[in-house]
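> Listed below are the residues making up each chain.
Protein chains: 2
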Amino acid sequence: MSVEVPAPRHIRLTSHSGGTGALPVRWGAATPAERGPVVGTTGQRSHRNVIGTHSGSYSVYRALAVAAGALSRQHRADLTNTSPTDPIGPYPQWSDPGKIVSLDPWGADVAQVFAGEIAAGYDVRPTIAVTKAHVILPEVIEALQKGRLKADGKFLTAGGAALVTKAAIEPVWWLPGVAKRFGCSETDLRRVLFEETGGMYPELVTRSDLEVFLPPIGGQTIYIFGNPHDLADPAVELTARVHDECNGSDVFGSDICTCRPYLTHAIEECIRGAQPPSAGGRGGVGLIAYSRKEGRALGEVTKFLVYNARKRQVGGDTADQYFARTECVAGVQDMRFQELMPDVLHWLGVRKIHRLVSMSNMKFDAITGSGIEVGERVNIPDELIPADARVEMDAKMAAGYFTPGEVPTAEKLKQTKGRGLNE
Amino acid sequence: MSVEVPAPRHIRLTSHSGGTGALPVRWGAATPAERGPVVGTTGQRSHRNVIGTHSGSYSVYRALAVAAGALSRQHRADLTNTSPTDPIGPYPQWSDPGKIVSLDPWGADVAQVFAGEIAAGYDVRPTIAVTKAHVILPEVIEALQKGRLKADGKFLTAGGAALVTKAAIEPVWWLPGVAKRFGCSETDLRRVLFEETGGMYPELVTRSDLEVFLPPIGGQTIYIFGNPHDLADPAVELTARVHDECNGSDVFGSDICTCRPYLTHAIEECIRGAQPPSAGGRGGVGLIAYSRKEGRALGEVTKFLVYNARKRQVGGDTADQYFARTECVAGVQDMRFQELMPDVLHWLGVRKIHRLVSMSNMKFDAITGSGIEVGERVNIPDELIPADARVEMDAKMAAGYFTPGEVPTAEKLKQTKGRGLNE
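One line per chain: the protein sequences are E and R, in this order. In terms of UniProt numbering, the first sequence opens at residue 1 and continues consecutively. In terms of UniProt numbering, the second sequence opens at residue 1 and continues consecutively.
The shape of chain E in the complex, shown without the other chains:
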C-alpha cells in the first residue's frame, strides 16, 4: 500500500473565524434554507462550519483508510438511491428552540433539502439514514411458539420476522443547547470538553463562532414497529423503550444484568403494540431507541472492573453496595446523562408515550421534563430476570426506579446477593 499524501504543505493546527466560503448554521430555524447545512467535510476546509467531522468515532477509521492509501481524501459519497424509505417530519419540535440539540433533524434529507448547496460544491453528508428491515429474534420466535404473539403477515411473519423501519443517527451537538441542558455555561462546557478529553479539538475553545460539534462518540439507532407517521399522533397508542447499549447482555446474554431480557421484552411489547386487534395486538405503533452508551457510558473496561469489585467485596455482591462500587471506581454512579436522550423522540414528533417499557426514573424524568407525556410504565416481568441480576434490580428499585410492587428495604438489600466470581 502506498500513501496518498499531497506534497508537503503547512499544517494548520487550528482554524480561524472569518474564512470565506463557509455557510452559516442557524440552529432551530424553521426551514432548511434558513437553517443551512451542517458541513463537516475534511476535503475542503474553507467550507467547514462545524468542529469535528462525520461518522462519530469511525472518523478515526476513515483517517486510517486515507493513511493506508485505500481512500482518496477527496472522495464524496454518491447518494443515489440512499434517501429515506420513509420521510420523517418536519415536525413543530424541529424548530422549537432547545427541543433538539444533539442531532440534526434535517440530517436524513440533506440530498433533497440541500440539493442547491450540494450542486454548488458543498460536501453535505447525511447524519441520519432511514431504511427498512426484517428482524428475527429467538425470543420473538419463542413468544410465537408459546402463543404470546400471533403472526399477522404484515407486522410479524409466521417465521418470526418483525417488519421494521429503522434509522441510524449520528451525534450532532449544538453546543449552546447542550450547555443549557447540563446547566453550565457554553464557555465552561467547551473548555471542559477540550481539557477533560486530553486536548481534543482546540476549536472547542478557539472558535466560539462554530456552534456545532460532531463528537467522536457512538450514535443511536431506532426501530419502528408500525407506521412511522403514527409516532407523531398522540391519538395512536405508542409503546416505547429507550435502551442503552450493554454488549455483554444485549449480544452475549450475560446474566448479571437484565439488559437483553428487558430489550426483547420491549420488542415483544412493541410488536404487540403495533399489531391489529385481530392478531391480539393493540393497533398502535412501537419504538425502540438504542443508544451507544456502553456500561452507563463508562465504557466496558470500567464496567468489568466494577464487576470484580462487586463480586470480591467483603460480604459478597449485595444489592446494598451495588451503586457504591461503581462510584468507587468511576467517581459517579452513572454517566449516561439522559438529558440528551429525548431529542430523538422530538425528531420523530412524539408527544405522548402511552406505554413506556422502562423502570428508569432518570429516563422517565428526562422524557416528561422535555414535554412528552407518559402514560403507563411497563416493567419487566419477574420471570425474565436472571437470578444473578436480582442484585441490580433490587438496588435500582430501592434507589427510586419504578416498580409496581414492593420497594426493597435496607435489610432486604443486604440479603440480595449475586454469585461469587468462582461460582
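This list has only true hints and no planted wrong ones.
Estimated spans, in silico, between C-beta atoms of each pair:
no. : chain 1 : residue 1 : chain 2 : residue 2 : range
1   : E       : Thr409    : R       : Asp365    : 54 to 64 Å
2   : R       : Phe402    : E       : Ala410    : 49 to 59 Å
3   : E       : Ser72     : R       : Arg45     : 36 to 46 Å
4   : E       : Gly420    : R       : Asp233    : 22 to 32 Å
5   : E       : His10     : R       : Lys414    : 48 to 58 Å
6   : E       : Ala120    : R       : Gln112    : 53 to 63 Å
7   : E       : Lys150    : R       : Asn361    : 40 to 50 Å
8   : R       : Asp96     : E       : Arg148    : 47 to 57 Å
9   : E       : Arg148    : R       : Asp233    : 44 to 54 Å
10  : E       : His10     : R       : His16     : 12 to 22 Å
11  : E       : Asn361    : R       : Gln112    : 37 to 47 Å
12  : E       : Gly69     : R       : His16     : 24 to 34 Å
It is worth saying that the hints were derived from the structure and are not from the lab. Cβ coordinates follow ideal geometry from the N, Cα and C atoms, glycine included.
With chain E fixed as given, assemble chain R onto it according to the hints.
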C-alpha cells in the same frame, strides 16, 4: 447542577515536550519496569505521556460528567478488588517488537506492576479488565434442546449458561508500530489522523516525542471458553472467531446479513471445543474476540445508506453489485483494516488456531501474516444463512472469501437477489 470549574486560568491549546514529571514509555520492553506505565490522566497534565485519554470515545461522556458538576476533575479510580480474575501472560509476544501495537499488554495488571508509580502519585489506569461471567444465549439453549450440545455442569450448565472468562480492552496505539502495519511513515500517519478527523489532537503533529495515542474509538471484548492459559498452548486445540460488531444483526437479528448467526454458531463451536469428550466436546479451548467496528467500521449511517442503494438499484439487490454499492457511498468496500486485529491474539499468547470459525480472507491473511498458524477453517452451515443474506454470502465467496463448496459464477451472482425495500 453547578459546574466545578476552577478559577479562570490560561488554556493551553497544545502541550510541549521536555516537561518534567512524565515517565518514559519504551514500547515492547521486556519488563513493565523498563516499559513504564501509560499515563493518560487529565488530572495532572505534567504526568501525561500519551496523546488522548482513557475510555476511548467514552472520554467525551466523562467530560460531560465534569461539565455537569457530577464528577470531580481529580477523581482517581479506587482499584480495590478490581484485578483480573485470571492472570494473562506475560508471553514472549509482549516484547517481540511490532507484534502488539494497538493495545497495552500490561494494561490489565497496572495496579500490580506499576504499584510503585501509583504510590508515587501517578494516576495509572487499567486499559484492560478481566472478569468472569455466565452467558446465556437462546441459540445455545436451542442447541441443548436439539441435542447438538450436552450440559456438563462446568463449561455449560443444564440451564444453558456457558461459563466464560471475559476481558474488555481499550485501544492503546503505539504510533510507530501502527504506521508500519499500514505501510506508511509515522509522520504521514500522524498528519492524516489529525487532518482527516477535522483536527483532532494537534499533539499528533506537534509532539512526535509522544509515541502512544489513546484514540476515541471503541475497543474489543474477548470471551474465553475453558482455561485462559490453554490459549497459549499450541498443543491444546483452539476454536476461535474474530467478530466485528454488527448491531443490526448481533442484537436485533436483522436478516440482511449473517453476523449473529455466524457469532452464535461460533459460540456453539467454542463451547463444544472446550467441553470434555464425555459431553461430546473436543477437550480444548474456545475464544471469541469481538471488535467495535460497526458496519465495516464505516458506522451505521453509512451502512443503512448502502442498504437503500442496494435495494433500490436497477435490477434489485443482486450479489454482483454488493461491493460496488458500498464503494459508491463510502469510497471503499471496507474500513475494518484487519491489520491491527491479531494484536489481541498475541496478547493471549496464541500461536495456533486449530479451528478458525470465519470465511473472511482478510482476517485469515492478517492472522497468518502475523505469525499465527491456522489449521481448519470452519464456515457457517447453510441452514443458518437467512434468505436475504444470501446476497452477501455469494458476493463474498466470489470475492475470495473461504468456502469449502462451489464459488459462485458471475452469472450466478446476478441471479442471487435480496428482498426489495417494500417486501
